[in-house]
Amino acid sequence: MRVGIEVGGTFTDLVSVDRGQVRVVKVPSTPRSPDIGAFNALGAAGIEAADVTDLVHGSTVATNAILERRGATIAFVATKGFRDILFMQRHDRRNIYDLHYAKPAPPVRRRDCFEVAERIGPDGTVIAPLDEAAVARDLLPALAAGGYQAVAICLLSAYASPLHEMRLMEMIAAALPGLSIAASHAVAPEFREFERASTTSLSAYVQPVIDGYLDRFEATLGAAGFRGHFSVMQSNGGRMPATAMRRNAISALLSGPAAGVVGAIRQAARSGRGDLITFDMGGTSTDVALVQDGEAALAAETEVDGLPIRTPVLDIVTVGAGGGSLVWIDDGGMLRVGPRSAGAEPGPACYGRGGTLPTVTDAHVVRGTIRPEAFLGGGMTLDADAAHRAFEGIAARLGTDVRGAAAAAIRLAVANIVRAIQLVSTERGRDPRDYALLPFGGAGPLLAAEIAEELGIREILVPPNPGVISALGLLSADYVKLRGVTRRMTLDAETPALVAADCARLRAAAEAEFAALGLTGPLEPSLELDMRFVGQAFEIPVAVDPAELPRLGAADLGERFAQAHRRVYLHGGEPGRKVELVGLRFGLRRRLDALPEVAERPAGLARPADAAVVTGGAAVRARLADAAALGAGDAVAGPALIEGYSSTTWVPPGWRAARDAAGNMLLQREG
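Start counting the sequence shown at 1; every next residue gets the next number (UniProt numbering).
By construction, these hints were calculated from the structure, which means they are not laboratory data. In this text, a Cβ means the ideal position worked out from N, Cα and C, and glycines have one as well. Be a bit skeptical, because a hint or two may be false.
Within a straight-line C-alpha distance of at most 16 Å, the following computed EDC-like cross-link-like pairs (lysine to aspartate or glutamate) qualify [claimed, not checked]:
| # | residue 1 | residue 2 |
| --- | --- | --- |
| 1 | Lys80 | Asp112 |
| 2 | Lys578 | Asp610 |
| 3 | Lys80 | Glu132 |
| 4 | Lys80 | Asp211 |
| 5 | Lys578 | Asp492 |
| 6 | Lys103 | Glu373 |
| 7 | Lys80 | Glu115 |
| 8 | Lys80 | Asp18 |
| 9 | Lys578 | Glu539 |
| 10 | Lys103 | Glu195 |
| 11 | Lys80 | Glu170 |
| 12 | Lys578 | Glu494 |
| 13 | Lys103 | Asp92 |
| 14 | Lys103 | Glu303 |
| 15 | Lys103 | Asp84 |
| 16 | Lys578 | Glu559 |
Restraint-style ranges between C-beta atoms, simulated for each label pair [unchecked claim]:
| # | residue 1 | residue 2 | range |
| --- | --- | --- | --- |
| 17 | Arg109 | Glu574 | 47 to 55 Å |
| 18 | His571 | Met166 | 39 to 47 Å |
| 19 | Gly228 | Ala512 | 38 to 46 Å |
| 20 | Asp18 | Arg488 | 46 to 54 Å |
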């Protein structure tokens, strides 16, 4: 039995596969103890932990620890003269008109930042040796007296040579064996000093939190008789055994959104679709990604709470427009949606758990696109009166009725998501009209058609059980190890051979790690080169097949860079302008067997023939259909609500939905 459990901000989702039989379950999340929600899902599915052979988990524990500042008490150690790098940051100003603007606060106090005398040059040569006597005399006693749970080490140019960081780790581990240590050469061995220091400090900040969470999770599993494989999803779209997360917790930062993209890609491939724009609209946010030829792009860096994190992540844009996002009016009288959310506790007003503020979910209840008696297949009845009451204040401020206020909130949520899609498409040189829109999450299919109309997208692919696609993605994810390094060199005849040598070294290290984790079988390599014109400040990734390196020359690499540059900036640069390589990311993938087809979970709910829905400022009668009852070739013309256990699909007037042979629902405009 294989089980995937994804903990979201509002619901915890489970998908299990047992001898070809698939089960799906959604239960409310427990924000204070996410592991409780995960085990509640196992209980709701009737699954005994002892029967599970492969358990994959994704959560927002690391992200929440940063956002809520509930991480460990840490110390930061830098090269002498660089103690304040986490506070100086970059010379930018995010809000130029804010007189009270302050840079994002790092996860460490200034008094907990220490210096050591040493210096390594950018080429890896030792300029000044590590002053071990001063470390023993000054640093180690200060760390012992500080009551720290973890220490982050980020020495100058450690990306070029880890010699001094490794020795410092040895000395700290010997003197303070219980202290968790994060070193930049192991966490983010890449240039750009502030970004590397920020990533390392955040890794140290969340590592004890992740360790504690995994300890509780594994202890509960062990007490229940679990003896299978336990893996955790990474931000890069691959999984790794939980033991690997104990060495680099920062890699699991965005595991939930990454799992959703993986699940969407796998399900769309069954219908022969590889060019996609995915959008995952859950309870607290919407995550958007672009997929080209069945592959989601990787970003070398992301941000959480304004702090940069230099680790490979799926290129996902997040906006605060989830089902639980609050609808409010700002000081200027403008209607807003998000980024604040009602979350799982108390949740939207219609949940009847004490929430009184209006949310996007309440707007759908008012509009009629969510029927209170059909939510979660009838397993959770919503309070329609509470949803209407929540919007009364908004309606009064806007000078309209409750239905008008709810419709305005939904239009604004659509606009926010459209803007996010433009960030990953048109602003990256891609035309969204060339892609199929694939919505998932509990609220995604409710807005898909309206978003598609705004963007001119002609085709929407709604997967079965769209509300649990992230959990399905956990089961679909391969084992992946990615490693980025800085290699600055002007592109010349020697470059391909030097890159090949780096790849060989990185592959040997990754293969050794796979073997140590007990992961056997064929491994597939991947390679991205970070390249730019000499004089440019930032680089763009260029994908290269590692097997091609022996046959490629400098001109071939230069042409591939020019093509990538042309796609992003609409020009390939001036003829003869020098190109430089600044870094590379090498990866190994251990593929898993494909999952069986995931059919819709029957709701077992009696429903009338139609229901009233407000669209275009008027009420229409929308036919009702059971998602589980629609077989291959069955079609429904809009206006219609196709209700499933985990989500409802809204088919507006002028649209038509049809189930294909792969189980996906294809929505297209009629005529």
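- prompt: Of the numbered hints stated previously, which ones are contradicted by the structure, given in increasing order?
  reply: 2, 4, 6, 8, 11, 19
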